[in-house]
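> The residues making up each chain are set out below.
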Amino acid sequence: MNKLALTFKLNGRKVSVEVSPNTLLVDLLRDDLGFTGTKVGCREGECGACTVLLDGIPINSCLLPAYKAADRSVTTIEGLAEEDGRLHRVQQAFMVEGASQCGFCTPGMIMNAKALLDKNPNPDESEIRHSLSGVLCRCTGYHKIVQAVKTASGIIGPEE
Amino acid sequence: MSHIFKDLHWAKEIPLHEYLVPQSLTEALDMLAKYRGKARVIAGGTDVIPQMRHRDFEVEALVDITRLPGMDAIEQEGNEAFLGGLVTHAQVASSPLIKEKAGLLADGAARVGSPQIRNIATVAGNVVSGQPAADTSIPLLALNARVTIASRNGNRVIPLTEFFSGIGKTVLDSSKEILTRIQFKTLGENQGGCYLRLSKRQALALPMLVCSSVVRVAPEKRVIKEACIALGPVAPIPFRATRAEEKLRNAPITSETLNAAADISMKESAPRDSLLRGSREYREEMVKVFVRRSLKGALEQAGVPVD
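These protein sequences, in sequence, are chains A and B. Position in the first sequence (first residue = 1) + 1122 = this note's numbering. Position in the second sequence (first residue = 1) + 16 = this note's numbering.
Don't take each hint at face value.
Here's a subset of chain B near chain A, in silico, CB distances under 7 Å, partners left out [what the hints assert, rightly or not]:
(1) L32
(2) E34
(3) P38
(4) G61
(5) P66
(6) S130
(7) Q132
(8) I133
(9) N135
(10) I136
(11) S215
(12) A219
(13) L220
(14) L222
(15) T273
Label pairs and their computed distance ranges (CB to CB) [claimed, not checked]:
(16) B:N171 x A:H1265: 48 to 58 Å
(17) A:E1140 x B:Q39: 18 to 28 Å
(18) A:G1156 x B:E300: 51 to 61 Å
(19) B:N171 x A:G1276: 16 to 26 Å
(20) A:M1123 x B:P85: 25 to 35 Å
(21) A:G1156 x B:E43: 33 to 43 Å
(22) A:T1129 x B:P85: 29 to 39 Å
(23) A:K1136 x B:D46: 28 to 38 Å
(24) B:E74 x A:T1262: 35 to 45 Å
(25) B:S110 x A:T1262: 44 to 54 Å
Straight line, CA to CA, 30 Å or less: simulated DSS-like cross-link-like pairs of lysine-lysine [claimed, not checked]:
(26) B:K192 x A:K1125
(27) B:K192 x A:K1241
(28) B:K263 x A:K1125
(29) A:K1125 x B:K50
(30) A:K1241 x A:K1266
(31) B:K237 x B:K216
(32) A:K1241 x B:K117
(33) B:K304 x A:K1272
(34) A:K1272 x B:K216
(35) B:K216 x B:K241
Derived from the structure by calculation, the hints contain no laboratory data. Where a beta carbon is used, it is the ideal one built from N, C-alpha and C, also for glycine.
Given only the sequences and the hints, what does the whole structure look like? Please build it.
Listed below in structure tokens is the structure:
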């Protein structure tokens, strides 16, 4: 098996690693680089827990050969907070709204929500639901998740 | 504990020796030739990776074509639209040209998988996978699309109606050919199209039925000049209901006409009982409903209101 030299940007920092031809991005992130915030749910693109941003666009990292990240930029849940540790407004909103039960889908939900708000700062509810439609929450706590994205977008205040 | 999981698909490593990234089409075709069937093309990878994990096929190398130049654009020349082989579902679903001039294809592309899948999965890949339920193959069939297949011997252009040969099978020889372009005539005056999908949920759900229709009506809007009806997954391949289309040629626009076309389409389909997709009887009835509904949708877009 021929190893490949892979260089890419991870959460703004340049990373150079050797990967096997069959390494998937999610395994590179979790097992080799220790970025375990990204979760593995189904390994076939059904659950969306493994969502990361590739050049700002949400994709399933369980379906992406790691080498496809070459010379590109990958953002994981660990890359959302500010340098000083202040959480991203989507993360803050998830906490304020209690939008997490078991928490397994949360990184996938937050990455999709961030990508939506980067592109469309004032989404309506159907746009929010559409943007989250590729992530399954098996606690089925969708209401508070949608509420959190609304809160993050600033269109409404936190639910009392 | 790990032995408990060893037979589960997600516990399996993907067997692969090489991951190749050609920079030109010639280089990609040479790589395929070198491996004599032991290499497979990968673009978005959203079908290839799960298939390899399930051991649907085994190869020594993957040839990643996503860095080939000039294949990632949607272009228009006269009334012809061209989709490069690397154009994604998200691109098609949001393209102003496709939305305006081939809305049924934009609607189909918008329903594949999930947003994350559509961001990376290519329309050409959806077609090449040859699935009878493919959400873009069916509107493309109704649009009389043609595909360009490149090999070391040059290009061939074939109608999509001649492309599918069985479940997951097409006439493209994946050991030496690459689908580089899809083209079709955009819809103009007196024409309309419609895409409909039956599935349990709005996202991440396999289609139980997909139906697309395209119609051309006479300028006075009382007669259908020509109609194309494409259906899946109600036969081994996505197909055109040609006998129903024949019935609609030069037919008056009445509900009797549409009902007759719906009945014939049902007879041209052969859905199987499926735990995932519903019983044969149910889907036969739904073929009738969807053909009628999609023809109405297409006629409305062509400027003909039908009740």
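> Compare the structure with each hint and give your call.
Here's how the hints hold up against the structure:
1. Hint status for L32 of chain B relative to chain A: holds, with the closest Cβ pair at about 4 Å, below 7 Å.
2. Annotation: interface hint on E34 of chain B holds; nearest CB of chain A at approximately 5 Å, less than 7 Å.
3. For the restraint placing P38 of chain B at the interface with chain A, the shortest Cβ-Cβ distance is roughly 13 Å, beyond the 7 Å limit, so the hint is violated.
4. With a cut of 7 Å, the hint placing G61 of chain B at the interface with chain A holds, because the nearest CB-to-CB distance is about 6 Å.
5. A hinted interface residue such as P66 of chain B counts as satisfied when its beta carbon comes closer than 7 Å to some beta carbon of chain A; here the least separation is about 5 Å, so the hint holds.
6. This hint holds: S130 of chain B has a C-beta 3 Å from the nearest C-beta of chain A, less than the 7 Å allowed.
7. At about 5 Å, the closest approach between the beta carbon of Q132 of chain B and any beta carbon in chain A falls short of 7 Å, and the interface hint on this residue holds.
8. At its closest, the beta carbon of I133 of chain B sits 6 Å from a beta carbon of chain A; the interface hint therefore holds under the 7 Å criterion.
9. Taking 7 Å as the C-beta cut-off, the interface hint given for N135 of chain B holds, the closest approach to chain A being about 5 Å.
10. A distance limit of 7 Å between C-beta atoms decides the matter here; for I136 of chain B the minimum to chain A is near 5 Å, and the interface restraint holds.
11. Given the 7 Å rule on beta carbons, the hint for S215 of chain B is violated: about 12 Å separates it from the nearest Cβ of chain A.
12. Proximity of A219 of chain B to chain A holds as hinted, the smallest CB-CB distance being about 4 Å (cut-off 7 Å).
13. Given hint, L220 of chain B at the interface with chain A, holds; its Cβ is 6 Å from that chain's nearest Cβ, closer than 7 Å.
14. Taking 7 Å as the C-beta contact cut-off toward chain A, the hint placing L222 of chain B at the interface is violated, the least distance being around 11 Å.
15. Among the interface hints, the one on T273 of chain B is violated; its C-beta lies about 36 Å from the nearest C-beta in chain A, farther than the 7 Å criterion.
16. A hinted range of 48 to 58 Å for the beta carbons of N171 of chain B and H1265 of chain A is consistent with their spacing of about 53 Å.
17. At roughly 21 Å, the beta carbons of E1140 of chain A and Q39 of chain B sit within the given window of 18 to 28 Å.
18. Range check, G1156 of chain A to E300 of chain B: about 54 Å between beta-carbon atoms, so the 51 to 61 Å window is met.
19. As the Cβ distance of N171 of chain B to G1276 of chain A is approximately 52 Å, the hint placing it in 16 to 26 Å is violated.
20. Distance hint check for M1123 of chain A and P85 of chain B: the Cβ-Cβ separation is about 29 Å, which falls inside the suggested range of 25 to 35 Å.
21. The hinted range of 33 to 43 Å is satisfied by G1156 of chain A and E43 of chain B, whose Cβ atoms lie roughly 36 Å apart.
22. For T1129 of chain A and P85 of chain B, the Cβ-Cβ distance of about 21 Å falls outside the hinted range of 29 to 39 Å, so the restraint is violated.
23. Distance hint for K1136 of chain A and D46 of chain B: a CB-CB separation of about 32 Å, consistent with the stated range 28 to 38 Å.
24. At roughly 38 Å, the beta-carbon separation of E74 of chain B and T1262 of chain A lies within the given 35 to 45 Å, and the hint holds.
25. The hinted window of 44 to 54 Å between S110 of chain B and T1262 of chain A is violated, with their beta carbons roughly 29 Å apart.
26. A threshold of 30 Å between alpha carbons decides the hint, and for K192 of chain B with K1125 of chain A the separation of about 25 Å falls inside it, so the pair holds.
27. Note on K192 of chain B and K1241 of chain A: the hinted pairing is violated, with a Cα-Cα distance of about 40 Å set against a maximum of 30 Å.
28. The hinted pair formed by K263 of chain B and K1125 of chain A fails the criterion: a straight-line CA distance of about 60 Å is larger than 30 Å.
29. With a C-alpha separation of about 20 Å, the suggested pairing of K1125 of chain A with K50 of chain B holds against the 30 Å cut-off.
30. Distance hint between K1241 of chain A and K1266 of chain A is fulfilled; the C-alpha atoms sit about 22 Å from each other, no more than 30 Å.
31. For the hint pairing K237 of chain B with K216 of chain B, the CA-to-CA distance comes to about 36 Å; that exceeds 30 Å, so the pair is violated.
32. Proximity of K1241 of chain A to K117 of chain B is assessed by CA-CA distance (about 25 Å); at most 30 Å being required, the pair is judged to hold.
33. As the CA atoms of K304 of chain B and K1272 of chain A are separated by approximately 41 Å, the hinted pair breaks the 30 Å bound.
34. For the proposed pair K1272 of chain A and K216 of chain B, the alpha carbon gap of about 27 Å is at most 30 Å, so the pair holds.
35. About 35 Å separates the Cα atoms of K216 of chain B and K241 of chain B, which puts this hinted pair outside 30 Å; it is violated.
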